[in-house]
Each structure stands twice: as structure tokens, then as C-alpha cells.
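Respectively, the protein sequence lines represent chains A and B.
Residue numbers for the first sequence follow the working numbering, beginning at 13 and rising by one.
Residue numbers for the second sequence follow the working numbering, beginning at 220 and rising by one.
Heads up, a few of these hints could be off.
[Stated by the list, open to error] The calculated DSS-like cross-link candidates involving lysine-lysine, where the alpha carbons are at most 27 Å apart (straight line), are: (1) Lys317/B with Lys440/B; (2) Lys65/A with Lys440/B; (3) Lys268/B with Lys65/A; (4) Lys390/B with Lys317/B; (5) Lys317/B with Lys107/A; (6) Lys272/B with Lys105/A.
[Stated by the list, open to error] DEER-style ranges, computed between Cβ atoms: (7) Gly48/A with Thr267/B: 25 to 35 Å; (8) Gly112/A with Pro234/B: 24 to 34 Å; (9) Gln345/B with Gly48/A: 16 to 26 Å; (10) Arg40/A with Tyr332/B: 48 to 58 Å; (11) Lys107/A with Ser326/B: 22 to 32 Å; (12) Gly48/A with Pro368/B: 41 to 51 Å; (13) Arg63/A with Ile274/B: 19 to 29 Å; (14) Gln101/A with Met306/B: 15 to 25 Å; (15) Phe84/A with Lys317/B: 38 to 48 Å; (16) Ile261/B with Gly48/A: 16 to 26 Å; (17) Leu59/A with Lys268/B: 20 to 30 Å.
Keep in mind the hints are simulated off the structure, nothing from the lab.
The beta carbon of each residue, even a glycine, is placed where N, CA and C say it ideally should be.
For reference, the chains in residue letters:
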Amino acid sequence: MAGEEESDKKNGFKVLGILDVQNTPCAREALLHGSGGSLAAGLLHFLATSRVKRSFDVGFAGFMLTTLGSWFYCRITNAQLRMQQRLIQDGIKNKVMYEGTSLDTISKPKEQEPCPSCP
Amino acid sequence: MAHPSQLGFQDAASPVMEELLHFHDHALMIVLLISTLVLYIIVAMVSTKLTNKYILDSQEIEIVWTVLPAVILILIALPSLRILYLMDEINDPHLTIKAMGHQWYWSYEYTDYEDLGFDSYMVPTQDLVPGQFRLLETDHRMVVPVESPIRVLVSAEDVLHSWAVPSLGVKMDAVPGRLNQTAFIASRPGVFYGQCSEICGANHSFMPIVVEAVPLEHFEKWSTMMLEDA
Numbered sequence: 013m014a015g016e017e018e019s020d021k022k023n024g025f026k027v028l029g030i031l032d033v034q035n036t037p038c039a040r041e042a043l044l045h046g047s048g049g050s051l052a053a054g055l056l057h058f059l060a061t062s063r064v065k066r067s068f069d070v071g072f073a074g075f076m077l078t079t080l081g082s083w084f085y086c087r088i089t090n091a092q093l094r095m096q097q098r099l100i101q102d103g104i105k106n107k108v109m110y111e112g113t114s115l116d117t118i119s120k121p122k123e124q125e126p127c128p129s130c131p
Numbered sequence: 220m221a222h223p224s225q226l227g228f229q230d231a232a233s234p235v236m237e238e239l240l241h242f243h244d245h246a247l248m249i250v251l252l253i254s255t256l257v258l259y260i261i262v263a264m265v266s267t268k269l270t271n272k273y274i275l276d277s278q279e280i281e282i283v284w285t286v287l288p289a290v291i292l293i294l295i296a297l298p299s300l301r302i303l304y305l306m307d308e309i310n311d312p313h314l315t316i317k318a319m320g321h322q323w324y325w326s327y328e329y330t331d332y333e334d335l336g337f338d339s340y341m342v343p344t345q346d347l348v349p350g351q352f353r354l355l356e357t358d359h360r361m362v363v364p365v366e367s368p369i370r371v372l373v374s375a376e377d378v379l380h381s382w383a384v385p386s387l388g389v390k391m392d393a394v395p396g397r398l399n400q401t402a403f404i405a406s407r408p409g410v411f412y413g414q415c416s417e418i419c420g421a422n423h424s425f426m427p428i429v430v431e432a433v434p435l436e437h438f439e440k441w442s443t444m445m446l447e448d449a
């Protein structure tokens, strides 16, 4: 089992020999969105202007912007999820640890009944 | 530990190392985009039939290639500084361990409650049992409780050494006469390997570090057993 996971990690494809898209979260989605954005931007520009070279430039700019935008959005969402996960884990741990003690924030203290003879 | 022919980082075993991994991914994505841009510009310059030998005062392009690198550097610097300050946060350690570097082994001292100290020598290759890792195993591991902030005070008795465990995101120089401090939290139970990271003589490559993170009750049993054996 461990050997299979290690071979999967070893065989990760590196774009330009730099970025391992299989094992890096959000990388594959960012590059795919970038490719789609590039195609859309370049094609639309060409259909509008019939200028080939400039359309390639616009397509490339679209690739950069879409990749960056998708990457940042996905990473920020993942970071927020990780933060929530950590808070939940700490909350569960504290609940288990402090249950029944004075530090237990979940169970409320029993209300004392009013004393009829007290002044 | 690392698998054969591994190029990237090991899996993170501490929150700080997780953050470092994420920052590394972020920096690599930016490097990939810059490399793609440069490649595209090279291809465009080489394949164009247009030539202009009389370009003067091209203000717009000058502004672009001044502002854009500055923006890229800010995008890299902000997360980097965040992690830098995160690593320097004052935490309340549950345990303090002294790691002393010698030629050529490490010694660990747990002196918070009782006087517990032991040496950690590499297991020679001929003494390994099947399943153990060559040049990484030690006779005594540094055992720590999981999910607890641990402070490690690093120093050396003779020459410079360096106490490093990549999966915990920890590296600290061991300097004779100086006490360096580092801290980590082991997020999950396991065995984490490291090696001396400062050249210290003939057997510099043969003084590994092994940290074993166990649940607290196991740590208490281990420390009791070590004190009894001492």
C-alpha cells in the first residue's frame, strides 16, 4: 500500500520540469482553467479582429490572468477550509478534554432554585 | 522519510511545515508563469518579421517591466513574511529537550521533571534488521508526545553541527558555547528522520536524528522505562 502511494508521488508530471501538477493542490485546475481562458480569449479576439499574431498575444495574456485568478481563488478557499478544520479539531479535542469540568463551554451550569426563606 | 529519487519535500508532520509546503507551491506557480512568459516572448521575438532599429523612449514598456516584477515580488514576499513571523510566535512549550551535538552522535536531555539523558548513535549497516533504513536509524530515538508544543535547545560539545528534521520543518545550528532554540508540534504520531546538516568531520553523514511522536500515555511509559534503565 505504501509502495503504491510512493510510486504515484514519484510519477507526478512536472510542467516545464517545475511544477508537479498531480501532487500540488489546485495546480491542475488552475492550468486547465488557464488553458480554457486562453482559448476563449484568443478565439474571441481573432473573430473580432482577424489579427492572428495579436490574437495569440491576447490568448497568452488570458492564460496568465485566468491561471493566476483560478490559482489564488482555489488556494484561498483551501486555506480557509484548513483553518476551519483546525478549529473544529481543536474544538472537539477541548470538548473531550474539558467535559464535566468548570472549563466545559458546552454544558451550562444548573440554575439554582431560589431559596424561599432567604432574605 | 524520503523515498528513493525524491526531489520534492517530505510530507509535513507539523503545522509550520504544512505552511512551508503551501508557500513553496505558491512560489513555484509564480516561477512557472514567469518561465512561460519568457518562453513565449523568446518565441515571439524569434519568429517575427518586423524589425525596428530606431526605438527611443518606449515609456510604456519600461513602466510595465518595472511595475510587474515589483508586483510579483510583493506577491511572493507577503506569504513569506507571514510564515516567518508565524515561526517566531511565542508558544508555551509543554516539554523542553536539549539536543547536544558530538562527534559523531547526538545526546538528548529531558530535564523538566527528572534527569533523563541518553546518547543516540547511528545503527551500523551490518546491524540493521529488515525494515530499518540504512544510515538513518539510531539506537535511541528522541520520543516526544504528539500534538504538544516541544522546545528544543540545540548546542554542541565540540564542533559545529546542525539538528534538522525535514518533515517537521526544523533546522537549527548546534554551535559550541551557544544555546539555540527552536520549537515544533508533531501533528501526527510517527517516526521522523533527519541528518546532521553542518559538516563536522569524517562521520558527519553518519549521525542521524530520529524523532518519534507518540500519544502522551506512551510517552509517559517510555520516560518511566528510560529512567528505570538509567
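Verification of the hints:
1. A threshold of 27 Å between alpha carbons decides the hint, and for Lys317/B with Lys440/B the separation of about 20 Å falls inside it, so the pair holds.
2. The hinted pair formed by Lys65/A and Lys440/B fails the criterion: a straight-line CA distance of about 72 Å is larger than 27 Å.
3. For the hint linking Lys268/B to Lys65/A, the alpha-carbon distance of about 11 Å falls within 27 Å, and the restraint holds.
4. Restraint check: the Cα-Cα separation between Lys390/B and Lys317/B comes to about 14 Å, which is no more than 27 Å; the hinted pair holds.
5. The straight-line distance between the Cα atoms of Lys317/B and Lys107/A is roughly 33 Å, outside the 27 Å bound, and the hint therefore fails.
6. The hinted pair formed by Lys272/B and Lys105/A fails the criterion: a straight-line CA distance of about 70 Å is larger than 27 Å.
7. Checked against the given bound of 25 to 35 Å, the beta carbons of Gly48/A and Thr267/B, roughly 27 Å apart, stay inside it.
8. One distance hint, 24 to 34 Å for the beta-carbon pair Gly112/A and Pro234/B, holds here, with the actual separation near 29 Å.
9. Take Gln345/B and Gly48/A: their Cβ atoms lie about 58 Å apart, and the range 16 to 26 Å is violated.
10. For Arg40/A and Tyr332/B, the hinted distance range of 48 to 58 Å is satisfied, since their beta carbons lie about 50 Å from each other.
11. Checked against the hint of 22 to 32 Å, the C-beta distance between Lys107/A and Ser326/B comes to roughly 40 Å, which is inconsistent with it.
12. For Gly48/A paired with Pro368/B, a C-beta distance near 45 Å keeps the hint of 41 to 51 Å intact.
13. Checked against the hint of 19 to 29 Å, the pair Arg63/A and Ile274/B passes, with Cβ atoms roughly 21 Å apart.
14. Distance hint check: the CB atoms of Gln101/A and Met306/B are about 21 Å apart, consistent with the given range 15 to 25 Å.
15. Evaluation of the 38 to 48 Å hint for Phe84/A and Lys317/B yields a pass: the beta carbon distance comes to about 43 Å.
16. Checked against the hint of 16 to 26 Å, the C-beta distance between Ile261/B and Gly48/A comes to roughly 25 Å, which is consistent with it.
17. A beta carbon spacing of about 24 Å between Leu59/A and Lys268/B agrees with the range 20 to 30 Å that was offered as a hint.
Of the numbered hints stated above, those contradicted by the structure are hints 2, 5, 6, 9 and 11, listed in ascending order.
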